[in-house]
Structures are given as C-alpha cells and as structure tokens.
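Going line by line, the protein sequences match chains G and F. When we follow numbering that gives the first Met the number 0, the leftmost residue of the first sequence carries the number 0, and every step to the right adds one. When we follow numbering that gives the first Met the number 0, the leftmost residue of the second sequence carries the number 0, and every step to the right adds one.
Calculated from the structure, these hints are not laboratory results. None of the values given here were measured: they were computed from a predicted structure. Hints are not guaranteed to be accurate.
From the structure, some residues in chain F lie toward chain G, with a derived Cβ separation under 8 Å [claimed, not checked]: (1) Met0; (2) Val8; (3) Phe11; (4) Arg60; (5) Ile63.
Ideal Cβ positions, reconstructed from N, Cα and C, are used throughout, including at glycine.
Spelled out from the first residue to the last, the chains are:
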Amino acid sequence: MDAAQALADLTEISSQIEAAVLFEDDATVVGSTLSDAPAAEAFARAAAKLLADAAAFRSSDVGVTQLEASTQEGSVFVVRDETRLIAATTGPSPTVGLVFYDLKSALRGAAAGEAQSAKPKPRPRRKKEPLDGEA
Amino acid sequence: MAKRKFLGVLGFGTGLFAGSVFYRRSTGRRRDRVDVYFDDGSMMSLVDGSPEAEKLLPVARDLIAAVRR
Numbered sequence: 000m001d002a003a004q005a006l007a008d009l010t011e012i013s014s015q016i017e018a019a020v021l022f023e024d025d026a027t028v029v030g031s032t033l034s035d036a037p038a039a040e041a042f043a044r045a046a047a048k049l050l051a052d053a054a055a056f057r058s059s060d061v062g063v064t065q066l067e068a069s070t071q072e073g074s075v076f077v078v079r080d081e082t083r084l085i086a087a088t089t090g091p092s093p094t095v096g097l098v099f100y101d102l103k104s105a106l107r108g109a110a111a112g113e114a115q116s117a118k119p120k121p122r123p124r125r126k127k128e129p130l131d132g133e134a
Numbered sequence: 000m001a002k003r004k005f006l007g008v009l010g011f012g013t014g015l016f017a018g019s020v021f022y023r024r025s026t027g028r029r030r031d032r033v034d035v036y037f038d039d040g041s042m043m044s045l046v047d048g049s050p051e052a053e054k055l056l057p058v059a060r061d062l063i064a065a066v067r068r
C-alpha cells in the first residue's frame, strides 16, 4: 500500500475526515487528498508549524507525538511516527480517539507499503538445464 | 400532609436543577482548545485564551478554512 492508497483507504473508512496530507519532517508532501498541490504543501507546512510550536512549550527535550486543535468550525489532527507525519481536518466534535486511530493506521499502511516496494524482488528461478549425460 | 408537600417541592426542585444542568451541558458552547500529546506519555491541554493556545489556534482555524475554500 503506497501513500495514495493509504489516504484513499483513510477517507473511505473515516467519514469524519475532510482532508488529509501525508508529509515528511521537512514538510515535503508524500500524499494528499487535496487536488491542489500548492494547497497541500501549504497545509503540510502549517501542520508542521503547529507541531513545532507545540513542542516549544515544553522546556525538556520531549517530542510531540500527536496533537488535536479543536475549534467551533472543526478540528485539526496531526500525528507523527518515526519518519513521517499525517495531518487531517474534520468537522466540529469529531470522535477524537477514532480519528487518531485511523490516522495512525494510515501512517502504518503507507510505511508498510514503502517497505514492501523497497524490498529487492526475488530473482526468477532459472529452469534447471539438464546435464549432458541426462535425458 | 406537610411532609408530603415538602417532599414534592424538593423533588420538583431537584428535577429542575438536574434538567437545567443537562440542558446547559448539551447546548453550551465548547471552548476552543489544543490537546498536545508528548512521547513521554504526558499530555497538555491548552484552552482558548491562554498565550500558548493563542499561538496555535489561529493556525488551526486557517487550516480548516483553507480546506473548505
């Protein structure tokens, strides 16, 4: 499953999610449900800023794993794993635990898909040729 | 007779109070907030009006508005 497939599954499973963007630490977009590429990039940059600003509130060297910003208009979710982040928006009063679960599943799905495609394909077995004395 | 009347009034008052609490909870305006979860397992809830939330909530509102545009 690649990033696009993971995001497609996410929006199909979770009707609460309006938009989602999968991106790298440096806000490089890996996949997005937004059709507009510059909008997806701006979304990723803003979500990365949210996480960085939230991390700055702690004096110790502790990282932020996830965040939910809840407003009257809707909510913004940002979740990170070791290498990537996913950010999504929902309508007002979402089922928070369920959205976090779905976002983590999408992150895992995208990572697993990449690992699968990065694996070297096994070489096709060559048919054993009969030795001279055989047959 | 007076005791029954007193219990009736008390029951009515309790019901009225419970009803008003339920109504306020279900229709009351939720405050905007940001919940931040850290990798050491701790969590921080920043409510609207705090200096920290004032920094994060505008970014979140912009994101939501941008998606719906």
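Hint check, F:Val8 versus chain G [nearest Cβ-Cβ separation less than 8 Å]: violated, 38 Å
Hint check, F:Met0 versus chain G [nearest Cβ-Cβ separation less than 8 Å]: Since the shortest Cβ distance to chain G is 49 Å, the answer is violated.
Per-residue hint verdict: F:Phe11, partner chain G, C-beta under 8 Å: violated, 33 Å
Interface hint for F:Arg60, Cβ within 8 Å of any Cβ on chain G: With a minimum Cβ separation of about 6 Å from chain G (threshold 8 Å), the hint on F:Arg60 holds.
Interface hint for F:Ile63, Cβ within 8 Å of any Cβ on chain G: It holds, given that the least Cβ distance between F:Ile63 and chain G is near 4 Å, below 8 Å.
Violation of the numbered hints given earlier is confined to hints 1, 2 and 3; the remaining hints are satisfied by the structure.
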